[in-house]
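Generate coordinates for the entire structure from the input sequences, incorporating the hints supplied.
Chains A and B, in that order, give the protein sequences.
So the first sequence is numbered by our numbering: it starts at 24 and just counts up by one.
So the second sequence is numbered by our numbering: it starts at 30 and just counts up by one.
Derived from the structure by calculation, the hints contain no laboratory data.
No false leads were slipped in.
Calculated cross-link-like contacts (lysine-lysine; reagent style DSS-like; alpha-carbon spacing at most 27 angstroms): (1) A:LYS177 - A:LYS162; (2) A:LYS162 - B:LYS83; (3) B:LYS83 - A:LYS177; (4) B:LYS161 - B:LYS125.
For each label pair, taking beta carbons as the anchor points, the in silico distance ranges come out as: (5) B:GLU132 - A:GLY135: 37 to 43 angstroms; (6) A:GLU104 - B:GLY150: 38 to 44 angstroms; (7) B:VAL163 - A:ILE178: 31 to 37 angstroms; (8) A:GLY172 - B:LEU180: 29 to 35 angstroms; (9) A:ARG220 - B:HIS165: 47 to 53 angstroms.
Each residue gets a CB set at the ideal place from its N, CA and C atoms; glycine is no exception.
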Amino acid sequence: MQLSIDGKSVTAQTGEYILQVAQRNGIEIPALCHHPAVEPSGACRLCMVEITHADWGGWKGLVTACLYPVQEGLIVSTANEKVRKVRAGVLDLLLARCPESELIQNLSRQYGIEKTSFIPRPEPDLCILCGLCVRICEKIGASAISTIGRGIDKIVSVPYETEENYACIGCLACATICPTGEITFTQDEQTRSIWGRNFELVYCEDCGIAIGTPEQLKHYSERSGLDMSYFTKCDRCRNREAAARFARITF
Amino acid sequence: MTLPQAPLQNILDKHPHDESSLIMLLQDVQEAYRYLPPEILVEIAKTLNVPKAKVFGVATFYKAFSMEPRGETEIKVCCGTACHVRGSTLIMDEFKRTLGVEEGGTTEDGKFTLEAVNCVGTCAMAPVIVVKDVYHGHMTVNKLGKLLKSLNPKKAKTTGAKAS
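So, in structure tokens, the structure goes:
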């Protein structure tokens, strides 16, 4: 189907969302809670765009690009005055929540906000509660973290914060996906620590670099159906081995 | 603390074992135990095959669920707009004083839990309190004293003496 984004005619498939199509066509829409690996959730409200249609009798509406399914003849504006204004409003609030986040500061500046017009949160962290970490953890199949509580007390945490209830496999997906860098971990030669727990490390048989935690590799093995022996080498060494094997094949 | 196993088993048997039963199960557990004991949440997670983190997330999201044991009698003081205008703060202060607890707190003897709620839908009777699911409208500090006495004569008497 055909639709128009910022005056550019683009092609899309049924079931796609505006953001997806825009990104594919090089049209930039800011988004914090979006990641192609997980289902969109519309949590950060930053990807607001204005939509209209020739058949809508002049009706226009503001929607989140990440959650709005495309349709034939849709006319999308991603950067007009109204859109910029509503995004500035969202950023004003995000900046009040996370005044110390560099990412939020930079985005806010792009929308003309140097300082939040609200009272900044006392003792702020960097969490914007976008839920990416929770969604990726669920996707990986660990479901070790969730949002706990509600309203102003809502946080991302592990249940009870006690070890016997730990489902965390130490894969670091949450820390990697976190847009603001709130989720942190430490790792030295022997140990990886995340969510208040220490994990042992497994090393590549060939080159000796750390490839993950035993819990993580066991989980991958169970999910993929691949034998544990597959997870004894790092990706690089495994690829090198495969390359050598292919090199021996003569045509 | 060991928890009685029987009510949990009855509750688990009552509902189909899938994710959609989660809230109903939690409601029943809340009613039977007056809170959601951690070990029971873990048991529910296992039975329904739902991640523990998710159960914990749901349990902490809804106000109807409590992670701390609640009192035998729950007193809900409506602090919605209508009740506020008609003096719910006075009612709340009186409860705090006589029971010796803060909002959301439970008396030491485990008899009462004092809760502030936002609207119970009976604004015409403002200010309203709900005690053991019974609505008491047009509340006054005077009426409140009598009500407390009828609920727990000993407690109300001793605190009354202390205050004088």
